[in-house]
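Start from the sequences and build out the full structure, keeping to the hints where you can.
Position one of the sequence shown corresponds to residue 422 (our numbering), numbered consecutively onward.
Since the hints were made in silico from the structure, they are not lab data. Check before you lean on any hint, since a few could be wrong.
Ranges of calculated distance between the beta carbons of each label pair, as one might list FRET restraints [stated by the list, open to error]:
{"#": "1", "residue 1": "PRO475", "residue 2": "GLY554", "range": "29 to 37 Å"}
{"#": "2", "residue 1": "TRP466", "residue 2": "ASP516", "range": "27 to 35 Å"}
{"#": "3", "residue 1": "LEU571", "residue 2": "ALA471", "range": "16 to 24 Å"}
{"#": "4", "residue 1": "TRP451", "residue 2": "ARG551", "range": "33 to 41 Å"}
{"#": "5", "residue 1": "GLY554", "residue 2": "ARG450", "range": "42 to 50 Å"}
{"#": "6", "residue 1": "LEU453", "residue 2": "GLU527", "range": "28 to 36 Å"}
{"#": "7", "residue 1": "ARG544", "residue 2": "ALA596", "range": "32 to 40 Å"}
{"#": "8", "residue 1": "ALA448", "residue 2": "ALA471", "range": "14 to 22 Å"}
{"#": "9", "residue 1": "ALA513", "residue 2": "LEU571", "range": "30 to 38 Å"}
{"#": "10", "residue 1": "MET482", "residue 2": "TRP451", "range": "30 to 38 Å"}
{"#": "11", "residue 1": "ASP550", "residue 2": "ALA596", "range": "30 to 38 Å"}
{"#": "12", "residue 1": "ALA448", "residue 2": "LEU518", "range": "24 to 32 Å"}
Everything numeric in this text was worked out from a predicted model, so none of it was measured. We treat Cβ as the ideally placed atom computed from N, Cα and C, and that holds for glycine.
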Amino acid sequence: MRRTIFPVLALCAAMFVPGVSPGLPDAPRWPLTLREGLPAALPGWAAAPADSLPEENENGMGAYIEVSRFFQRIESSTSTKQFRVAVQDYGAGNDLLPQLRKAVSEAGRSGAETRELDVAGHRAFVVTDRSTGKPTTIVTVFVSGGRLVLGQGANVAGEEALKLVRLVDYPKVAAAR
422 MRRTIFPVLA LCAAMFVPGV SPGLPDAPRW PLTLREGLPA ALPGWAAAPA DSLPEENENG
482 MGAYIEVSRF FQRIESSTST KQFRVAVQDY GAGNDLLPQL RKAVSEAGRS GAETRELDVA
542 GHRAFVVTDR STGKPTTIVT VFVSGGRLVL GQGANVAGEE ALKLVRLVDY PKVAAAR
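As structure tokens, then:
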């Protein structure tokens, strides 16, 4: 009995000795590498105390993996702004641009303000809905065939959302593996 306990205790002890412990990797692994291009802070905004875990989900464009960061700014006792920046990865071999253009066109026909422009050399779409009185904006930046950056703002107008989305490190988002 003693012979079997000692190796187990030695293994457990080794897990807590620096340099011997298997521990966490030095660099994040997929899909957390997608988050490396997202800003950890936005000037004038408070970041959530912890980033959410990567999520797998599906929508009309297909299955995707998403990482995000959440921020808010309290402007007064009656006014708060919230902004979420995310990367959605639909996998290689997808071309989401036609579907994005169609969705933006439909949003425009339903009364939302829409624009198409370039952000950091990438095609981007801005959709702002003012039907409730306070603007809700979604900025979608087409980084590659199957990878998008989203900026989603509650009580955030289009220009402000664009300014915040421009803080993303697009080369890092594009290179994440």
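How does the Cβ-Cβ distance of ALA513 and LEU571 compare with 30 to 38 Å: does it lie in that range?
-> This hint is violated: roughly 19 Å between Cβ atoms.
Is it true that ARG544 and ALA596 lie within 32 to 40 Å of each other by Cβ?
-> 18 Å, violated
Indicate whether the distance between the beta carbons of LEU571 and ALA471 respects the range 16 to 24 Å.
-> For ALA471 against LEU571, whose Cβ atoms are near 20 Å apart, the range 16 to 24 Å holds.
When you take the CB atoms of ALA448 and LEU518, is the distance between them in 24 to 32 Å?
-> For ALA448 and LEU518 the Cβ distance comes to about 31 Å; the hint holds.
Are MET482 and TRP451 spaced within 30 to 38 Å by their CB atoms?
-> For TRP451 against MET482, whose Cβ atoms are near 20 Å apart, the range 30 to 38 Å is violated.
May I ask you to test the hint 33 to 41 Å on the CB atoms belonging to TRP451 and ARG551?
-> 38 Å, holds
How does the Cβ-Cβ distance of TRP466 and ASP516 compare with 27 to 35 Å: does it lie in that range?
-> Given a distance of about 33 Å, which is inside 27 to 35 Å, the answer is holds.
Verdict for GLY554, ARG450 (Cβ pair) under range 42 to 50 Å = For GLY554 and ARG450 the Cβ distance comes to about 44 Å; the hint holds.
Distance restraint evaluation - LEU453, GLU527, Cβ atoms, bounds 28 to 36 Å | 33 Å, holds
Just tell me: holds or violated, for the beta carbon distance of PRO475 and GLY554 against 29 to 37 Å?
-> 34 Å, holds
Range hint 14 to 22 Å (beta carbons of ALA448 and ALA471) holds or violated | 19 Å, holds
Cβ-Cβ distance between ASP550 and ALA596: within 30 to 38 Å?
-> 33 Å, holds
In this structure, the hints that do not hold are numbers 7, 9, 10, in rising order.
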